[in-house]
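Protein sequence lines, in the order shown, are assigned to chains P and C. Everything in the first sequence is counted per this note's numbering, starting at 1 for the first residue and increasing by one. Everything in the second sequence is counted per this note's numbering, starting at 83 for the first residue and increasing by one.
It is possible that some hints are incorrect.
What the hints assert, rightly or not - Residues from chain C shown here face chain P by an in silico Cβ test under 10 Å; the list is partial:
| # | residue |
| --- | --- |
| 1 | Gln126 |
| 2 | Gln128 |
| 3 | Asp350 |
| 4 | Leu400 |
| 5 | Leu405 |
| 6 | Leu411 |
| 7 | Gly414 |
| 8 | Arg444 |
| 9 | Leu448 |
Stated by the list, open to error - Non-contacting residues of chain C with respect to chain P, defined by C-beta distances greater than 12 Å in every case (computed):
| # | residue |
| --- | --- |
| 10 | Arg95 |
| 11 | Arg119 |
| 12 | Ser184 |
| 13 | Ala192 |
| 14 | Asn298 |
What the hints assert, rightly or not - Facing chain C, according to a computed beta carbon distance under 10 Å, are these residues of chain P, among others:
| # | residue |
| --- | --- |
| 15 | Pro18 |
| 16 | Lys26 |
| 17 | Pro32 |
| 18 | Ile40 |
| 19 | Ala46 |
| 20 | Lys57 |
These are computed hints drawn from the structure, not numbers from a lab. Just so you know, even glycine gets a beta-carbon here, dropped at the ideal spot from N, CA and C.
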Amino acid sequence: MTQPEPHTLLDERGSRCPLPIIALSKALAGLPAASFVEIIADDPAAEVDIPAWCRLKGAHLVDSFAALDGQGGVHYIVQLPD
Amino acid sequence: MFVTRCFWDMTSRAPLGLAAKEALLVALDAGWADPTRLYGEARQSQLLLDAAKESIAASLGVRADEIRFTPSVALARRRAVAGLIPAARQPGPVVTSAVEHSTVLGAVQAFGHPAVAVSVDAYGRVDPDEFLAACRPDTTAACLQIANQEVGTLQPVEAVADGLAKLGVPLMCDASPAAGYVAIPPVWSVLTAASETFGGPSGIGILAVRTGVRWNPSDFADETVSVPLAAAAAIALEESTRQAVQQAVRVSELVDLIRARMAAEIPDCHAVGHPIQRLPHVVTLTCMYVDGETLVRELDRVGFSVASGSACVADDLLPSHVLAAMGALTHGNVRIGLPWSVTLHDVERFMSELPRIVAEARGRLL
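Working from the sequences, and respecting the hints, build out all of it.
Rendered as structure tokens:
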């Protein structure tokens, strides 16, 4: 994967659904088209909810991968539509 | 202010209908004895049990000797799986939809038998061609529900039945919560149903096995079931089936109204599940940015009993396998199962409360 443009990073580990989605939605609100937000979440429901939210809102889930800092969770990189 | 309660969780455990309650009281007096004994009281119990089987067989369009009772629908599902797997000629995998009831999937898994789960579309419906493509001549059994228990979507059981018959693969259909609400297509080999979802008592499950199906009967203890509960379940199924003829179109139109008004009047809310190929009385709503448990509590305060499909209430935090398979949001869900007695006035009152409840719940989180 090519490294995306500089973007917002949210660490939502420890927060439960629907809080990670709310944080993601708030972070993306007001950002210009095609902006990126990266969110780290460890709620198992986020594995379903973040892709579902992206589909419903027309956003693009660019990538997701396990966190490498030893604290668990998954990184999700979300891009607003053009 | 006095508010009429609206019990809108018919797919979980419904209040006992009047006719079923009367049947239960009569059978408590007349059918308490163990029907397997040899004295007069036992024969009377046996008569009531036989009558219950005949009634349920008539409602489902099968023969009375093909009906068995179990102490719960979960047990009926486990016995269906346990009856089919050891009897199969070939050891191939069991093919299921990805959205079968967890007790069906769990029973297959507990048996240690290989299984293939066929994926579903965004409405929770399997594609019949895809389902059949997963089946082979050595497939042990296919499990496809009549309708989904969480979102009410009907599965294409008739469309897969011919293909399965040609392959010689038995079809297990879980009919809860469809039985008593829609006609059950007579294409199954083994059928399970839940008394509590059609106005009957809990504590009794129905298992129907067609004559000629390869079946391992070893795991059967029909005589341990309660005869009064079986008698009440039979009357409840008769009553709900009769009501369906009169009410299904009207209630289905009320579901259409909820779906349409919900999407139009509340931002970031929509119904999940198929808009047309669905049970007449079931709709699941998703509201983004709230948790389903909060919606359930607030709706309860204004007189509506609904279920939460939210993952957040489960102890293990795992999202619903049905919603996950559909790619749907697993939070902010409310499942509604309307009773036949629902009125337009009830629905209008619900729609006058819901936008405020969602807005307030969002206000606390955002």
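Practice problem: Please flag the earlier hints that this structure goes against, numbers listed from lowest up. | Solution: 1, 2, 17, 18
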